[in-house]
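Asks: Here are the chains, one letter per residue:
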Amino acid sequence: MSAPSVEVRNLQTYYGTRHILKNVSVEVQAGEILVIMGGSGSGKTTLLNHLLGLLRPSSGTVRILGQDINAISPEDKQELRTKMGVAFQSGALFSSMTVGDNIALPLREHTDLDETTIGIVTRLKLEVVSLAGFEHLMPAELSGGMVKRAALARAIVMDPKLLFCDEPSAGLDPVVASSIDDLILRLRDAMGMSMVVVTHDLDSAFKIADRICVLDKGEVLALGTVDAIRSSPNERIQNLLNRRTEEAEIDPDAYLRRLMGIKEGEEDEPQGKPI
Amino acid sequence: MIPPRLHHLLDRVGRASIRSVEEFGFAASLFGEALWWLVMGRSRKQPVKLASVVNQAMEVGIAALPIITILSATIGLMLAIQGIYTLRTFGAESRVTLGIALSTVREFSPLITGILVAGRSGSALAARLGTMRINQEIDSLTVMGISPVRFLVVPPLVAMAVMMPLMTLWADLVSLFAAGVYVSSQLQTSLAAYGDELLTILRVNDFMHGLAKSSIFAALITIVGVVNGASVSGGAEGVGRMTTRSVVHAISAIIITDMVFAFMVTR
Chain F
1233 MSAPSVEVRN LQTYYGTRHI LKNVSVEVQA GEILVIMGGS GSGKTTLLNH
1283 LLGLLRPSSG TVRILGQDIN AISPEDKQEL RTKMGVAFQS GALFSSMTVG
1333 DNIALPLREH TDLDETTIGI VTRLKLEVVS LAGFEHLMPA ELSGGMVKRA
1383 ALARAIVMDP KLLFCDEPSA GLDPVVASSI DDLILRLRDA MGMSMVVVTH
1433 DLDSAFKIAD RICVLDKGEV LALGTVDAIR SSPNERIQNL LNRRTEEAEI
1483 DPDAYLRRLM GIKEGEEDEP QGKPI
Chain P
1252 MIPPRLHHLL DRVGRASIRS VEEFGFAASL FGEALWWLVM GRSRKQPVKL
1302 ASVVNQAMEV GIAALPIITI LSATIGLMLA IQGIYTLRTF GAESRVTLGI
1352 ALSTVREFSP LITGILVAGR SGSALAARLG TMRINQEIDS LTVMGISPVR
1402 FLVVPPLVAM AVMMPLMTLW ADLVSLFAAG VYVSSQLQTS LAAYGDELLT
1452 ILRVNDFMHG LAKSSIFAAL ITIVGVVNGA SVSGGAEGVG RMTTRSVVHA
1502 ISAIIITDMV FAFMVTR
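So the sequence lines, in the order shown, correspond to chains F and P.
Sequence positions in the first sequence follow my numbering and run 1233 to 1507.
Sequence positions in the second sequence follow my numbering and run 1252 to 1518.
No lab work stands behind these hints: they were computed from the structure.
If you're wondering where the values come from, they're calculated on a predicted model, not measured in any experiment.
Note that CB positions come from ideal geometry on N, CA and C, so glycine has one too.
Treat the hints loosely; a few may be bogus.
[To be verified] Pairs of lysine-lysine residues, derived as DSS-like cross-links and limited to a Cα-Cα distance of at most 25 Å, are as follows:
id, chain 1, residue 1, chain 2, residue 2
1, F, LYS1439, F, LYS1393
2, F, LYS1315, F, LYS1393
3, F, LYS1315, P, LYS1300
4, F, LYS1276, F, LYS1315
5, F, LYS1309, P, LYS1300
6, F, LYS1309, P, LYS1296
7, F, LYS1276, F, LYS1393
8, F, LYS1449, F, LYS1254
9, F, LYS1393, F, LYS1309
10, F, LYS1309, F, LYS1276
11, P, LYS1296, F, LYS1315
12, F, LYS1309, F, LYS1449
13, F, LYS1254, F, LYS1276
14, F, LYS1449, F, LYS1276
15, F, LYS1393, P, LYS1296
[As the list claims (entries may be wrong)] In silico contact screen, one side only, chain F against chain P (beta carbon under 8 Å); selected entries:
id, residue
16, LEU1284
17, LEU1286
18, SER1305
19, GLU1307
20, VAL1318
21, SER1322
22, THR1343
Same shape as in the complex, but just chain F (with noise of 0.2 Å):
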């Protein structure tokens, strides 16, 4: 048995004096799709920029692939993102460069293949997502759901052996959504990838999830198989996958407080990152 692809130990995460993860512990097995899940503020951006190592956790590892990736060198790290493939909520296409050219960028800049050879794997990848022919066009030009797929194409462009997805099907129509889904499954079967996919749509997370992660203000709430998470009777989890709206809390000093605008703890919004 191979080690994990994905590898989350107790990780926890401030910004300021708010706690974002609480003690965020997961994995993904090779060439499996986990599927994380969970309510706006829920953390699952934040753990998915952990995963990315774009955000330093206050404590606790975050193993890619067996290594750690805030302890590896500059190099190392550099040589890890080019076997990990990402694929943004908005897409993150270069504005300035046409669809075949962002597709593209990645072997420009980390291999020493000819243009030649460049150009058969883009429109590869193109084919792939169902976008052939459209290399030439801008990204501004391309509908939303073709903007994701260009994203996919781009993430998968070096043949990495784990991708991320950011709410891959949100703001799209059921149909396009569901044709997202397909996609994810195909790349999965016939590439063997692992995937991490963050969403909150509940039937594509049921229709691609080999296990699911429920993550609720910063916590796991529950980790299983989709049938697991299914039967679970915890009432929150089956609130969220009956879209029921959560009774709100009654405490009439807190809420007395709030209207005075006094503050219960200095917050801090997280600054923007260095580039």
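Go by the hints and put chain P onto chain F.
Replies: Leaving out everything else, chain P in the frame of chain F:
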């Protein structure tokens, strides 16, 4: 016991000071990192691509040539008009070339080039980086294993450092020529005599004074643009605010540095 109002004021002053020290530190480390990538990039398998430097050089330099030409010709004419008017009070119009030559080459050309480039390219750089930042394009570069500093900061830095002195030199020539045309027609002398006079007045040192300043301006404009662009938060409005801020800061930095440089070198 400090009264709450004073407390509030001190709190704000303190926070603002810390922020500006932080920004200076960020700017300095960014400049250092950019130089590091320029020199060491190849050994990290991330060389700075000549093509992207050339691209930026075209954008920063060549595309700005028409407006630089027009403005420096205008400045040359203006200096000639004012110079002759002022010297007429002493009946010393014939000495006007001295003032025009030195002030153009040492001050006006580098300043006008710097201000123009700050307005044209510094702001564009800030807006581009800011937009990339809010679109997660910078995160996207990082996770691809491409250093954003190497990819986005070094090319404009090198391009500006090369193009600014060249543009300043061009501005020198254009504005001296424009002034010469006016002076020779007003004082009924020939353009050749004006040229001869320039050659006896101007030393290489005077040109170097202007060119050295313009390369400092190049670094200032780039770093100010990048720091402001990278600090964008809060969507499109944030990009607009930081772009404005970058132009104001870059022009202020240029003018203050110009004075300090003149003070240090000229005395």
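Asks: Work down the list of hints and note, for each, if the structure agrees.
Replies: Do the hints match the structure? See the list:
Among the hinted pairs, LYS1439(F) with LYS1393(F) is consistent with the structure: their alpha-carbon atoms are about 21 Å apart, no more than 25 Å. A hinted pair counts as satisfied when its Cα atoms are at most 25 Å apart, and LYS1315(F) with LYS1393(F) qualifies at roughly 6 Å. A C-alpha spacing of about 23 Å is found between LYS1315(F) and LYS1300(P), which places the hinted pair at or below 25 Å, so the restraint holds. For the suggested pair LYS1276(F) and LYS1315(F), the alpha carbons sit about 22 Å apart, so the restraint of at most 25 Å is met.
Restraint check for LYS1309(F) and LYS1300(P): satisfied, since their Cα atoms lie roughly 21 Å apart, inside the 25 Å limit. Between LYS1309(F) and LYS1296(P), the direct Cα distance comes to roughly 13 Å. Compliance with the 25 Å bound is thereby established for this hinted pair. Distance check on the hinted pair: LYS1276(F) and LYS1393(F) sit about 22 Å apart at the alpha-carbon level, within 25 Å; holds. At most 25 Å may separate the alpha-carbon atoms for a hinted pair to count; LYS1449(F) and LYS1254(F) meet this at roughly 8 Å.
Between the alpha carbons of LYS1393(F) and LYS1309(F) the distance comes to roughly 15 Å, so the proposed pair stays at or under 25 Å and holds. Using a Cα cut-off of 25 Å, the hinted pair LYS1309(F) and LYS1276(F) holds, with the two alpha carbons roughly 23 Å apart. Taking the CA atoms of LYS1296(P) and LYS1315(F), the gap is about 16 Å. The hint holds against a cut of 25 Å. Only pairs whose Cα atoms come within 25 Å are accepted, and LYS1309(F) paired with LYS1449(F) is rejected, the gap being roughly 30 Å.
Taking the CA atoms of LYS1254(F) and LYS1276(F), the gap is about 12 Å. The hint holds against a cut of 25 Å. Between LYS1449(F) and LYS1276(F) the CA atoms are separated by roughly 9 Å; this keeps the pair inside 25 Å, and the hint holds. Under the criterion of a C-alpha separation no larger than 25 Å, the hint pairing LYS1393(F) with LYS1296(P) is consistent with the structure, at around 21 Å. Taking 8 Å as the C-beta contact cut-off toward chain P, the hint placing LEU1284(F) at the interface holds, the least distance being around 5 Å.
At its closest, the beta carbon of LEU1286(F) sits 6 Å from a beta carbon of chain P; the interface hint therefore holds under the 8 Å criterion. Checking SER1305(F) against chain P by beta carbon gives a least distance of about 11 Å; that is not within 8 Å, so the hint is violated. With 8 Å as the threshold, the beta carbon of GLU1307(F) comes within range of chain P, its nearest partner Cβ sitting at about 7 Å, so the hint holds. Among the interface hints, the one on VAL1318(F) holds; its C-beta lies about 5 Å from the nearest C-beta in chain P, closer than the 8 Å criterion.
About 6 Å separates the beta-carbon of SER1322(F) from the nearest beta-carbon of chain P, less than 8 Å, and the hint is met. Nearest Cβ of chain P to the Cβ of THR1343(F): about 10 Å, over the 8 Å cut. The hint is violated.
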